[in-house]
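Add chain Z to chain X, keeping to what the hints say.
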Amino acid sequence: MDSLSTPLSKVKGLGSAKEGTTHFWHQRLTALILIPLVLWFGFSIASMPVEHATLTGWVQQPAVAIALILLILSTFYHAQLGLQIVIEDYVSTHSTRTASIILSNFLCLLFAIIGVVAVLKISLGS
Amino acid sequence: MTPHSKQPLSPHLQIYRLPLSAILSITHRATGVILALGAMMLVLILSTAANSPETYATTHQQLDTWYGQIFLLGLTFSLYLHFCNGIRHLFWDVGLGFDLDTVDKSAKLAIFVSIVFTVATWWVATRMAG
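So the sequence lines, in the order shown, correspond to chains X and Z. First residue of the first sequence: 1, per the numbering used here; consecutive thereafter. First residue of the second sequence: 127, per the numbering used here; consecutive thereafter.
I should point out that these hints are in silico values taken from the structure, not numbers from a laboratory. The structure presented is a predicted model; accordingly, all values stated were derived computationally and were not measured. Any given hint might turn out to be false.
[To be verified] Calculated Cβ distances over 10 Å to all of chain Z for the following chain X residues:
id	residue
1	20
2	70
3	96
[Unchecked claim] Pairs of lysine to any residue, SDA-like flavour, derived with a Cα cap of 25 Å:
id	chain 1	residue 1	chain 2	residue 2
4	X	121	Z	173
5	Z	234	X	40
6	X	121	Z	185
7	X	121	Z	174
We treat Cβ as the ideally placed atom computed from N, Cα and C, and that holds for glycine.
So here's chain Z without its partners, still in its complex pose:
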């Protein structure tokens, strides 16, 4: 092994500690799939609202439960994380921010901003509800 010990290893997923950027990359896919379901949820809310106040009330009741609230909170965070990381991808698409230091900083910034946006959205929302 000695001659090869300084060489980079291929990222074997079972033993390789993923860098933050790689974790964000797979999270971007996961949140994308979650958001597709969230978009269907939005359509459900709109279509029950279009149907009648009574059917809308049923959707509202379900979303007002503890599991509904956890779902909506997860959806909000997924939305903003996918949003921030997506903007990060758009910068890469035009060739900006590729050096490792910037990649790491922008990853942390994306997570930080999405937490701030989630808290801000829920702060506004709970004030309106209360």
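Next comes chain X alone, as it looks inside the complex:
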């Protein structure tokens, strides 16, 4: 016997984290969707005056609100995946590392929710 792992776990190929290539794959998927979103966002935000009324008027367009929510969700998911790698590489103490990843994941989730709620509040005009 060459290995202690069972044939079933070899076939599943998910490794010790039981996630396989999910982290890697989702990082790439969010990167792909962010390509058009970032170009659109960068040049839209640059090409409008920075007054409150202009910004809210822009966010109130349904297509803009949808794209912004998509941008916020993919950005924070992409950020969460990337920050986890950075923490795993540079924080060597196991407990501090786990705590940092939990904190970073929580902050990404929190800011994503605040962002989505803000866009919805502006676009639904309350």
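Just chain Z, lined up with the frame of chain X:
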């Protein structure tokens, strides 16, 4: 040392001159962390705008100062550098552009394009403000 002198050295970070690609690699991480903060900044802008014109004005005032502008300029450049270098990584992920010459050229191209995009974005933005 003579028998070993032709052998490649392990990259000891204190004495080894990093190639451009390696500098871009660590910059990709740094800009990634900066952009995570930038994304939080965007959420702050959106949530103050959702709150009231007055709270939005406070955010706007802070971003309109010299340090706010430097922050936004750095954020714009970070965004486009991470964007261009990220596309470079996506090409590598599908197995393209691995020979050293291409790696060096794509590194220079990524830096060049991100500077052009930063200048273009700020040119448009200052025209709108002025």
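Problem set entry | Structure versus earlier hints, numbers of those that do not hold, lowest first | Structure breaks no hint.
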